[in-house]
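Number of protein chains: 2
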Amino acid sequence: MRAAFHEQLDEISDLLAEMAIAAGAAMNQATQALLNADLAAAEAVISGDDHLDELTSEVERRCYDTAALQQPVATDLRIVIGSLRISSSLERMGDLAVHVAKQARLRYPNSSIPNELRATFARMGALADAITAKTATVITTKDVSLGPDIERYDAEMDHLHRELFTVVLSPSWAHGVESAIDATLLSRYYERYADHAVSIARRVMHVVTGEPYADTQLLIEGGSTVQGS
Amino acid sequence: MRAAFHEQLDEISDLLAEMAIAAGAAMNQATQALLNADLAAAEAVISGDDHLDELTSEVERRCYDTAALQQPVATDLRIVIGSLRISSSLERMGDLAVHVAKQARLRYPNSSIPNELRATFARMGALADAITAKTATVITTKDVSLGPDIERYDAEMDHLHRELFTVVLSPSWAHGVESAIDATLLSRYYERYADHAVSIARRVMHVVTGEPYADTQLLIEGGSTVQGS
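Heads up: the protein sequence lines correspond to chains A and B, in order.
Everything in the first sequence is counted per the numbering used here, starting at 790 for the first residue and increasing by one.
Everything in the second sequence is counted per the numbering used here, starting at 790 for the first residue and increasing by one.
One chain only, chain A, in its complex shape (with noise of 0.2 Å):
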């Protein structure tokens, strides 16, 4: 009995890094589909989300199931809740990702982005990866010493995520009012998907600490520790 119920609770672990990967994927592609406004990748984005919305499904069926049949407490109990959650917040980065592959729609075939914000939204699209590859790992091995990694892409994503408005509100920004917010609101799905690995590093500590997720702090580096958002 306890070892199926472990096997459960492992294939769960394992949709959850599939759903990760899955996330991570689509914002890739969103974001190869903005730099280069690329239709047919835009498209692929948004028809692909079902995908992750089913995943969703299945994780919630496979968490009720284990715990009505397996009446799961302590740290058993955490992680079925857990999963819960962190598949909420992976879903949502996929629907992050499909924001970002509408946008790169809705200007097609012009793009999105003026060149002088190419690099800041390669490197959003770069920190995507890293913070969706580091999550996908933190969730399958459960080895929280990722965190003060994940909290500095999440940083380095709220600087870029600062500096972009002063690019954008510049007296020499020369591509008007509708460009400017484009690139606020991108700029923001960027900032918001990094927010959601930080919250699903958060859970999977909270799971292997037992403390309150709300005073669950990812260590930064150094001693010092910042609270994730």
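Rather than coming from a laboratory, the hints here were simulated on the basis of the structure.
Note that the Cβ used here is the ideal one computed from N, Cα and C, for glycine as well.
Please note: incorrect hints may appear among the correct ones.
Said to hold, decoys possible - Interface residues of chain B toward chain A, partial, derived using beta-carbon atoms under 10 Å:
#1 S846
#2 L858
#3 P861
#4 L866
#5 L949
#6 R951
#7 V966
#8 A969
#9 I970
Got chain A sorted already, so can you dock chain B onto it with the hints?
For chain B alone, coordinates are given in the frame of chain A:
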């Protein structure tokens, strides 16, 4: 034992209703801060968010305890897990009120919004009030017949959000890029706030009906249905 259990579930439901009322009060005060450039109101929303975060932790603690000690199945299990999800949405609604208040504070003593958008944001604030009141009632009464009202408020919020783009992108927009970005982000906060209310109503319906959450729809009067976002 069962009586004590149902008392615990009722207490959790009361806490969720209290959270909904707190989130609604926060968004109402944030709207006042925004419309009247009222710094004290903005500060009150920002500092008051701790209370909502504490309530979230309290709901989480009680749901864990109830799940561990009472080992619920079927509808009771859905109530416990649904309550956790609902508390996450309510906490996020409070965060969105804080975003609105911070925007009002950022531009103080100026207004964040030009006169021609006052009516739009006043209406968005009124819709946020209305959707929160219905959501609190759905949480307390489990009366899912209120779903269509919530959908209708959300549809009007989406409509205002789309209309706002037309205003800030029109050739007659005389307030520059910064003001257009402020208005767009603010409008998105209200729109996401309403999305969370829809998500809560769908969650309650899922608890009541037992349908998979992904397939749960809030019926629109006249027989057609729309998928909640």
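So, going through the hints one by one against the coordinates:
| no. | hint | in the structure |
| --- | --- | --- |
| 1 | S846 | holds, 4 Å |
| 2 | L858 | holds, 8 Å |
| 3 | P861 | holds, 8 Å |
| 4 | L866 | holds, 6 Å |
| 5 | L949 | violated, 16 Å |
| 6 | R951 | violated, 13 Å |
| 7 | V966 | holds, 5 Å |
| 8 | A969 | holds, 5 Å |
| 9 | I970 | holds, 5 Å |
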